[in-house]
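Novice: Below, each chain spelled out in residue letters.
There are 2 protein chains.
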Amino acid sequence: MITVNIIGSGNVATHLIATILQENEFVIQKVYARRAYMLEGLLSFSKITSRIEELEPADITIISVSDDAIAEVSSQLPYSNQFVVHTSGSSDISVIDSKNNAGVLYPLQTFSKTKKINFKEVPLCIESAKMPNLILLKKVAALLSDKVYIISSEQRRSIHVAAVYASNFVNHMYHLAHDICTEKNIPFEILMPLIQETAQKIKTLSPKDAQTGPAKRQDKKTILSHLEVINQPLQKEIYTLLTNSIIKSNV
Amino acid sequence: MITVNIIGSGNVATHLIATILQENEFVIQKVYARRAYMLEGLLSFSKITSRIEELEPADITIISVSDDAIAEVSSQLPYSNQFVVHTSGSSDISVIDSKNNAGVLYPLQTFSKTKKINFKEVPLCIESAKMPNLILLKKVAALLSDKVYIISSEQRRSIHVAAVYASNFVNHMYHLAHDICTEKNIPFEILMPLIQETAQKIKTLSPKDAQTGPAKRQDKKTILSHLEVINQPLQKEIYTLLTNSIIKSNV
Chain A
1 MITVNIIGSG NVATHLIATI LQENEFVIQK VYARRAYMLE GLLSFSKITS
51 RIEELEPADI TIISVSDDAI AEVSSQLPYS NQFVVHTSGS SDISVIDSKN
101 NAGVLYPLQT FSKTKKINFK EVPLCIESAK MPNLILLKKV AALLSDKVYI
151 ISSEQRRSIH VAAVYASNFV NHMYHLAHDI CTEKNIPFEI LMPLIQETAQ
201 KIKTLSPKDA QTGPAKRQDK KTILSHLEVI NQPLQKEIYT LLTNSIIKSN
251 V
Chain B
1 MITVNIIGSG NVATHLIATI LQENEFVIQK VYARRAYMLE GLLSFSKITS
51 RIEELEPADI TIISVSDDAI AEVSSQLPYS NQFVVHTSGS SDISVIDSKN
101 NAGVLYPLQT FSKTKKINFK EVPLCIESAK MPNLILLKKV AALLSDKVYI
151 ISSEQRRSIH VAAVYASNFV NHMYHLAHDI CTEKNIPFEI LMPLIQETAQ
201 KIKTLSPKDA QTGPAKRQDK KTILSHLEVI NQPLQKEIYT LLTNSIIKSN
251 V
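Read top to bottom, the protein sequences are chains A and B.
Taking our numbering, I'd label the letters of the first sequence as residues 1 to 251.
Taking our numbering, I'd label the letters of the second sequence as residues 1 to 251.
Since the hints were derived computationally from the structure, they do not count as laboratory data.
Some clues are possibly wrong.
Reference listing, derived: stretches of chain A covered by chain B, where coverage requires no fewer than 3 residues with Cβ under 8 Å from a Cβ of chain B [what the hints assert, rightly or not]:
(1) 13–26
(2) 74–87
(3) 116–125
(4) 176–188
(5) 192–198
Heads up, the beta-carbon is just placed ideally off N, CA and C, and yes, glycines get one too.
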């Protein structure tokens, strides 16, 4: 039996709480959130508190709050020499107040409150300086997900950057394509099979081998005709920069 | 029964031939390709020719060659007043020699020779100036795919640009993420669930509503820390430009 305290009421915290509740090996001791009302309906009233001083030592304390708040929240914990992890992709392990033993449990996925996620398939990046803590963390992570990776703070920072390219910037490309469709009265759904196939393709091909299109072919005639179609200066700048980057990648 | 001539031996041509062969309503009269040997094994020897003058009039002639070759090939056809379409996303309908009646049958998907595609799910953009030809083309397209759209040359040109953003540039984002992972000894597969979920999300949310990340939150601290991690000037330039574009899109 592993006892758990959780801090937070955001997207990651609520997905974590829901997943931990389903696993018999865990006992949630207490969940602390400033906005405790956000957790109503998710777990019983007696498990929720809006006063951090009510928390008692647990096998693992999971801090799942905004990056800027991790340091402060961890310093306010009413206990020391316990195992405390945060769930942030971009914060160093050292932001956790040194009165406790620090770790990281970073779920690499995009969470929305309204969309269900199968947590078993979410890659978990774990880190801890002390071996006994790492062993416990590995056990905790393996109960939550089938995909557990031991990742250093430096690697995690790079993963977070890579995730911005692979998810945030990708979604922005969808957004720009959506804008072009709207402008010309074209239903965006027409692009959906292409979008899905593009994501599927890299399951079996490296992105380099999967690359297609006028930039890959260095088809200057098509590139110039595309630049004629694009009206907005910022879209034009993006088209030019990414085209050059593709050409450079394939040299 | 609809008789068909096909010209070409590339990715789109071979996927089209394979799909048409499965449909009883079609009779392939002849396939012409300069590199006729590319079609070996796909259909019987008697149906293949490397001499364009052997083609005879058919209900529909489908020219599926590189953009630059469409005009020339269409002018070499040994018949006139027939219905001739090309399959290009970026070529105007008028590139087809005017001795025949022109049309377009553009499959909006990324094709690789090695990867199977369910053609029934490939959106087909069709165009034809003359109504009887458009009716025939609509019938042909509906036999091949469940997703048929009547699209003008002007719209098609914009769709082709949108597809560059939604597929070619998206794949390049995967490539840049892959480079970052390689540099730090991180397995690229760790990003796969995130990549697939990002593509799935826009089935139910608009790309604008699906946007997440530091740029969306205008989280300057994280943006600056990411720029510290990125070594290559071109990657840095892309990060900055796309971050600014996301911020601008959300104002």
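Novice: Now tell me, hint by hint, if it's right for this structure.
Specialist: Each hint tested on the structure:
Under a criterion of three residues with beta carbons nearer than 8 Å to beta carbons of chain B, the stated coverage of the stretch 13–26 of chain A fails, only 0 such residues being counted. Remark: the stretch 74–87 of chain A is not confirmed as covered by chain B, as 0 of its residues place a Cβ nearer than 8 Å to a Cβ of that chain, below the required three. With 5 residues having a Cβ less than 8 Å from any Cβ of chain B, the stretch 116–125 of chain A passes the three-residue criterion, so the hint holds. With 10 residues having a Cβ less than 8 Å from any Cβ of chain B, the stretch 176–188 of chain A passes the three-residue criterion, so the hint holds.
A count of 7 residues in the stretch 192–198 of chain A with a Cβ less than 8 Å from any Cβ of chain B is obtained; the coverage claim is therefore met, three being the minimum.
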